[in-house]
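Here the protein sequences come in this chain order: B and X.
Taking this note's numbering, I'd label the letters of the first sequence as residues 1 to 306.
Taking this note's numbering, I'd label the letters of the second sequence as residues 1 to 330.
Treat the hints as calculated values from the structure; they're not laboratory data.
Worth double-checking, as some hints may not be accurate.
What the hints assert, rightly or not - Ranges between beta-carbon positions, derived for each pair:
id: 1; chain 1: X; residue 1: R204; chain 2: B; residue 2: I298; range: 49 to 57 Å
id: 2; chain 1: X; residue 1: G221; chain 2: B; residue 2: L269; range: 48 to 56 Å
id: 3; chain 1: B; residue 1: L288; chain 2: X; residue 2: G221; range: 27 to 35 Å
id: 4; chain 1: B; residue 1: S191; chain 2: X; residue 2: L137; range: 53 to 61 Å
id: 5; chain 1: X; residue 1: T101; chain 2: B; residue 2: H231; range: 32 to 40 Å
id: 6; chain 1: B; residue 1: H231; chain 2: X; residue 2: H161; range: 17 to 25 Å
Computed from a predicted model, the values in this text were never measured in an experiment.
Glycine included, each C-beta is placed from N, C-alpha and C at the ideal position.
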Amino acid sequence: MKNWRYIIYTFITAIAILFPFYTGTYLQHTASTILIYLSLALSWDMLLRAGQISFGIAGFFGIGGYAAALTHLRWGIDPFLSIILGGLAAFFIAFLLGLVVLHLRGLYFAIVTLAIAEIFRVIVRNLHSLTGGPEGSVLPSAIFNGDPSKVYWLVLTLAIITIIVSEVFQRTRIHFATTTIRNDELVAKSSGINIFKYLVFIFAITSALQGMIGASYTHQYAFVTPEETFHIHFTLLPIAMCLLGGMYTTIGPVVGALVLGTIADYLKLQLPYGHLLVYGIVIVVVILFVPKGIVGTIKEQLERRK
Amino acid sequence: MDNQRCGSFEYSTPLVYLGLKLISKLFHKKYQIAVTLVIGGVLLALWKPFVLIEGLQVAGLYAAIALPMALILGIVGIINLAHGDFMMLGAYLAYRFTVYTGADPLVAIFPVSLGLFLIGMATYRGTIKYMHGAPELIQLLLTFGIAIILQQLANLLWTSHPVSIHVGYASASATIGSFTFGTYGFVYVAAAILVFIGLFLFLRRTRIGQAALATGQNPIGAKLVGINIDRIYLLIFSISIALVGAMSVLFLTRHSIFPHVGGIFTLKSFCLAAMAGLGNLTGILWASLILGLAESFVKSFMGYAGWADIIFFLLIIVVIMVGSYRRRVT
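In isolation and in its complexed conformation, chain X is listed as follows (with noise of 0.2 Å):
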């Protein structure tokens, strides 16, 4: 649907042209991906509209968790085995927190975020920091062991009976005409756009931020016009841990937590960076999306719930194949 073939209106009216312009424009590739989710998300409201209210809820979550490992992929380098476990930790010290304290979950935001920060400055200090260099295996190995020693302290501490905080507000729900749905899933959808927002906002107006983004781009670059890239690599790895902390707190309101709840968050967030495309923030929206409604999609089926877990991990297999496929045609 080109412009030659919309010459044959004459122009008559404007508006059409317009219309045709815009519908043409809409299947430039750059919008394939939206286009499509928008039309199935509509479809979807239409069918089954429980299945879009919880895909989005699921989908922010996602993209949430995902955002801060997306950037220690982009800029940093380094796959975090131990993302999801660290989440967990955060979980677990908001757990401890509440019941200790008495107060509301949402207020261990600010502590364990700290508390979080620092412990990502210590493990960036004595383990990761000697790591750049070293053969990927090495370091998806150092990971993976990092990811053990923080289950297995939760194991040790905590025991791996689940624990779970109610919380009356997050059982919230609204009514529209006769289809009731639980609201409090939404502050999920919040969280990732504020931190996608925020992260935006970072790298792109703050002279630090710029830096990272620099130093992401070309280390070497970025050593050789003055910018400490330690420094940079110690400050993204702990920010990105301490926005995993925060999200902890919102993960504890509405799940319960045991010592190995954080491994499929770590894979799932790898999945949605590999889907992205290394430190693609954008793409991880739409990334989660696609994974949060197909998720929610097959687990509408009555008995094939089951199968819900199988579908991020042959999403997983076909993305990084696919990519492999184009890496060996180009």
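So here's chain B without its partners, still in its complex pose (with noise of 0.2 Å):
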């Protein structure tokens, strides 16, 4: 009875790509954004397993929707191929940054992510000829048409991409490596391991992967602005998300984003203003009662059961 998980994960994945079919566009669309979220969550999980904490998920996310939105506009590059060259410069700009940062250890590199967010914004709003400025740029139109279930489809696609990912690093003997390195570097590097490569190697990895989705929401959306494109919500919601589901598991920030992402859209037509603050009193309880998030609890009760 080994096969039941695969044919679950194979029934889930289908009702999630039949999902455009039986519901409507406001369904649709909320779907596509809790995914954004959850591929966000999971990314910034990644590295998480690795130890070390990065305030800087909308500095990437807003290079990615950078990078696509002016390849598309200046040089009228295909809108999937510009979505892959978004990764590809926030995968590069984090390699080049994580070779001089990741020397950093837990509250500094945290800081320091933070900063380099704040430093792309900064640059964006000034460069007025590249990047259009604080108005930033608005591309002619959005992908698809902005026909709501092809952009799910292309979020979902995004999404099962990083599960993928996230699955892979857990399968393999990087999951060995990343969690030596966070209980106790002495050991890893006693053990063989090389731990800047790895670090490195996942911090790429996941910026890339911020990059394509903050690519796809631009295209999306079709505009791009320093405040919007790099806005604060990149980096809190996927932490929240995270931390509500459960640390260093493929299915905690799965769970947490569809929790937090249903819960959080709800109260997004109750209160325009502050809804937000759900997610910073989630951050806040969960740290305090339940630190292992929804999944981890829901495992020790089994295993406390059996």
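Combine both chains into one complex, guided by the hints.
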């Protein structure tokens, strides 16, 4: 009975793919937003598994978005190709920065990534001729002319890619390397793990994913501005979702994103201003009372039952 | 320029000798930053006097806000990412108070600091108390969560529309020769110096301050000699938040406020604290002078004002990278 897992996975994937056929445009739109945050949360968690916390999600998200928008706008590159270019831009920038920044640990790394995201924004805002300055740039049209079901499939593809990458990280030797690095760097080093190489690799890969997600988000809404594209939401929401679901797993951020995304979308209708309050409360409450997150707590309870 | 070379003067004139000794002392590592700053300041005063005045005032504001953060960092040992948001909260409370009573905004200093003292107390009791010994990252995420709660609460209660209070004396100015500048900004310099001296006296001269200092240096040792460290943490955290509250009133008299106004001050305060070294209060003054002068220097060039924001982010990165490099070398 080992195969029942794969049957469930296939079943869920089928439901997710067929989702637009039995729902309206509003639900499709909401689902794509949730999937975007889901992918961001999962990509953030991948770096967290190696013990490094990044506050720079919004930075690489924005870099991807701007790279895609500008290559599409200036050189007329196909939207799909420009999404991949957005990912590549984030990959190379993260790789180069990572070579310098990943010598830092914990707290210092977190603050520096926060600063880097802000620097990206300041640079983008001030390079008027290239990026359009504070007003940003507007694309001629949204991808697929704004058809929500096709946008949903695009975002779903990215989410599935992220989940697959995350599972690859979990099932290969990368998993053992990251876990050891997180628990004790000295042990990791003496077991022959090249810590720096792994960290730079993971940082670049996760940033590339964030860049691609940012690029598709930009194509979905067909505009970029420094304030919107680098908005703190794109850092805050994934972190809250990941904490709520449970860290260090693939399923945790996914569950967290689905639960919190649904709640938040409902609250957005009730409280147009300040609905993000929920995210702050979730972060604080989860850290204080459920440090393992939903998935971790359920697992613990199940094991205790046995 | 050491004493050996001074020997060739054969001490012919004691005055020269004294002068050289003074200069050689000034090149001592301890005074390097101060001397560089003074020389830079004099040059700046000759070239762009406005930059010097503006930079001093901005530095005062930064220092006054960063000092409480350094205090929390040094004694409680927590990076408070909600620091600037407490300031935003204080400014909003002061704004409501002023609008409600119609009094001068500066009157609000007392109720607002008291209010923030209590809020700080509640925050410590409710959340930060349980974070001692937790991993650094969890502490960071927790205060990040508190920051979001404060921001969004302000957004919910008072909307994101910027508000400000206009007071006549805030635009007071003075003229020296042909050069006119605003004088009200020196309030920030005065506040920074006042806070600095107050904290210095508190930590060195009072019994409870000394206990706090001991707790910051070695919590277990402090506990062993009978200091109630939990009480000390509570007190220091609340005092720091109250100081931020007092500063927020001064901030309100000059700037417009909105829910996200605090974020940048959190980062700047952290940057200054990192430059100064953990819990080093004197270093904060120098660090904020460097940051303030550098920012107004860049702003003084037409068309490059937007780039001024980048300075301190670069400063954060350089400071942290240099620090980590040193740690690896030694």
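Do the hints match the structure? See the list:
Under the hint 49 to 57 Å, the C-beta atoms of R204/X and I298/B, about 53 Å apart, fit the expected range. For the pair G221/X and L269/B, the beta carbons lie near 55 Å from each other, so the given range of 48 to 56 Å is met. Separated by about 28 Å at the C-beta atoms, L288/B and G221/X satisfy the suggested range of 27 to 35 Å. A C-beta distance of roughly 23 Å is found between S191/B and L137/X, which places it outside the suggested range of 53 to 61 Å.
Between T101/X and H231/B the CB atoms are about 37 Å apart, so this pair conforms to the stated range of 32 to 40 Å. Evaluation of the 17 to 25 Å hint for H231/B and H161/X yields a pass: the beta carbon distance comes to about 18 Å.
Violation of the numbered hints given earlier is confined to hint 4; every other hint is satisfied by the structure.
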